[in-house]
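Quick note, the sequences are listed as chains C and W, same order.
Counting from 1, position 256 in the first sequence corresponds to residue 256 in my numbering; the numbering is continuous, with no gaps.
Counting from 1, position 269 in the second sequence corresponds to residue 269 in my numbering; the numbering is continuous, with no gaps.
No wet-lab data here; the hints were simulated from the structure.
Worth double-checking, as some hints may not be accurate.
All copies of an identical chain are treated as equivalent in the list; a pair is satisfied when it fits inside any one copy or across any two copies.
What the hints assert, rightly or not - Within a straight-line C-alpha distance of at most 25 Å, the following computed DSS-like cross-link-like pairs (lysine-lysine) qualify:
| id | residue 1 | residue 2 |
| --- | --- | --- |
| 1 | Lys-28 | Lys-231 |
| 2 | Lys-174 | Lys-156 |
| 3 | Lys-45 | Lys-71 |
| 4 | Lys-273 | Lys-15 |
| 5 | Lys-85 | Lys-12 |
| 6 | Lys-85 | Lys-142 |
| 7 | Lys-34 | Lys-174 |
| 8 | Lys-81 | Lys-156 |
Here is how the chains run, residue by residue.
There are 2 protein chains.
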Amino acid sequence: MISRLQLINQIKQKKSFLCVGLDTDIEKIPAFLKEYPDPVLEFNKRIIDATNDLCVAYKPNAAFYESRGVKGLQSLIDTWKYLPKDCLSIIDAKRGDMGNTSEMYAKAFFDERASGMSFDAITVSPYMGHDAVTSYLAYPGKWVVLLALTSSAGSKDFQYLTTDRGLLYEAVIKKANTWASADRIMYVVGATKSTEFTNIRKYAPDNFLLVPGIGAQGGSLADVCHYGMNKDCGLIVNASRSIIYASNGEDFAEAARAEALNMRQQMQAELEKAGVV
Amino acid sequence: MISRLQLINQIKQKKSFLCVGLDTDIEKIPAFLKEYPDPVLEFNKRIIDATNDLCVAYKPNAAFYESRGVKGLQSLIDTWKYLPKDCLSIIDAKRGDMGNTSEMYAKAFFDERASGMSFDAITVSPYMGHDAVTSYLAYPGKWVVLLALTSSAGSKDFQYLTTDRGLLYEAVIKKANTWASADRIMYVVGATKSTEFTNIRKYAPDNFLLVPGIGAQGGSLADVCHYGMNKDCGLIVNASRSIIYASNGEDFAEAARAEALNMRQQMQAELEKAGVV
Numbered sequence: 001m002i003s004r005l006q007l008i009n010q011i012k013q014k015k016s017f018l019c020v021g022l023d024t025d026i027e028k029i030p031a032f033l034k035e036y037p038d039p040v041l042e043f044n045k046r047i048i049d050a051t052n053d054l055c056v057a058y059k060p061n062a063a064f065y066e067s068r069g070v071k072g073l074q075s076l077i078d079t080w081k082y083l084p085k086d087c088l089s090i091i092d093a094k095r096g097d098m099g100n101t102s103e104m105y106a107k108a109f110f111d112e113r114a115s116g117m118s119f120d121a122i123t124v125s126p127y128m129g130h131d132a133v134t135s136y137l138a139y140p141g142k143w144v145v146l147l148a149l150t151s152s153a154g155s156k157d158f159q160y161l162t163t164d165r166g167l168l169y170e171a172v173i174k175k176a177n178t179w180a181s182a183d184r185i186m187y188v189v190g191a192t193k194s195t196e197f198t199n200i201r202k203y204a205p206d207n208f209l210l211v212p213g214i215g216a217q218g219g220s221l222a223d224v225c226h227y228g229m230n231k232d233c234g235l236i237v238n239a240s241r242s243i244i245y246a247s248n249g250e251d252f253a254e255a256a257r258a259e260a261l262n263m264r265q266q267m268q269a270e271l272e273k274a275g276v277v
Numbered sequence: 001m002i003s004r005l006q007l008i009n010q011i012k013q014k015k016s017f018l019c020v021g022l023d024t025d026i027e028k029i030p031a032f033l034k035e036y037p038d039p040v041l042e043f044n045k046r047i048i049d050a051t052n053d054l055c056v057a058y059k060p061n062a063a064f065y066e067s068r069g070v071k072g073l074q075s076l077i078d079t080w081k082y083l084p085k086d087c088l089s090i091i092d093a094k095r096g097d098m099g100n101t102s103e104m105y106a107k108a109f110f111d112e113r114a115s116g117m118s119f120d121a122i123t124v125s126p127y128m129g130h131d132a133v134t135s136y137l138a139y140p141g142k143w144v145v146l147l148a149l150t151s152s153a154g155s156k157d158f159q160y161l162t163t164d165r166g167l168l169y170e171a172v173i174k175k176a177n178t179w180a181s182a183d184r185i186m187y188v189v190g191a192t193k194s195t196e197f198t199n200i201r202k203y204a205p206d207n208f209l210l211v212p213g214i215g216a217q218g219g220s221l222a223d224v225c226h227y228g229m230n231k232d233c234g235l236i237v238n239a240s241r242s243i244i245y246a247s248n249g250e251d252f253a254e255a256a257r258a259e260a261l262n263m264r265q266q267m268q269a270e271l272e273k274a275g276v277v
């Protein structure tokens, strides 16, 4: 369990707000790992060992594990067990459903006795409204990371619709702020939307924002920080492919570390510029 | 694989448009089943045996299986294997994510070689737009069942927002109709919204609508049919708790059959009234 204050302290101490996305695709990991009983787990362990002093969060993407059935779920459970407890663990699952179903998803990702896993946070889709969110918040200290403005092309289809309560993504943030404070809700805001961060900070001045889309998707870290950082940092910037696939050889973990170090250095400069550290 | 035409023929033949929701909660199934190696699978098999001539679809709710970790996923896979191939198999998973992630979810639920399962259809949340949907449509003959207007209280939070393209749920239907035809997309419309069906039929005259919310949630079958049925029926009405938990004793399967039979009789009357059969 990682509180808001612990997260802020961790960012100041490590001078980093990096989240490493464990979108581990068995087709893309180095071939020599195939000899291990669980190549995906072995890959993740080495990535975690190589990066945990440089990042504040890990975010396995559930889809990549579910695509391999029972074996994949076992890799996810074993990866969760291996995550360092001082880093925020986020399951990127985007589950949103009505109350009695969201309770079951909460068991799946927050209740170790039921499922073998207990992440600190889960990404949730807002379309079904408060039922989709409140079941997760019933777990003391756990976080909901709600989709607001996502990084891919499809974000334009609905998230920018003008509604009678502002743009749809603004309406989502305003409504969700009535369900829980910045101690329990974060929002997903894509790095490819950097100029929108000024607007988002009007509605979510204190919330942490989970920011995908740096690297492979083309977002700029400097822009995200310029428009989105608040006095406590307030950002967790995710990088997946650019770190975990930095090399496809036996040196993949060292290459991942080099890339994470590169990002941490840029992050330190941004934190200093903003006076957070 | 079940085409639109096959589904319509099946409805006419069975005089039913019932979907049995397999929201199987290990805490709620009869105690005597606990002696079986997989009590959830045993429960599902007996429910399927008792109802498959009375319904046209089965819809396992992924959350109920995921909440039990690896054991639960194995129950889901084995349940999928047991489903009769002439019934539409819908995985109620509500997964919506960007392209490369939706591709992985598609593998998880549509690609038996990857995950052990290949459902005919999957429920998807629209918030992330077309990326969230098109990866599933890349599988020939598979269906996307997109959330439009859901049955629980949280549906009021965003789905009814007035946007510059109509109410949000209308905007979702209008946009999604540009991604695929009624041969590949269905919409979720809650039975508790029966008077809205007239409006929905303006935008989705030919699509099948998957309708949860009859029974435990209070929706009326007669109202749904009055406002929502089209010339091919165009409705798949789901019932979960009212059928699968009709009895908590050793007679649970017989009780489930009696309840399914009762619904099928009401459905036959509605189909006859509308001139579909």
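Status of each hint after checking the structure:
| no. | hint | verdict |
| --- | --- | --- |
| 1 | Lys-28 to Lys-231 | neither (39 Å within a copy, 49 Å between copies) |
| 2 | Lys-174 to Lys-156 | both (19 Å within a copy, 14 Å between copies) |
| 3 | Lys-45 to Lys-71 | both (16 Å within a copy, 24 Å between copies) |
| 4 | Lys-273 to Lys-15 | within (12 Å within a copy, 70 Å between copies) |
| 5 | Lys-85 to Lys-12 | within (17 Å within a copy, 57 Å between copies) |
| 6 | Lys-85 to Lys-142 | within (14 Å within a copy, 41 Å between copies) |
| 7 | Lys-34 to Lys-174 | neither (47 Å within a copy, 46 Å between copies) |
| 8 | Lys-81 to Lys-156 | neither (37 Å within a copy, 38 Å between copies) |
Figure legend: structure checked against the earlier numbered hints; hints not met, in rising order: 1, 7 and 8.
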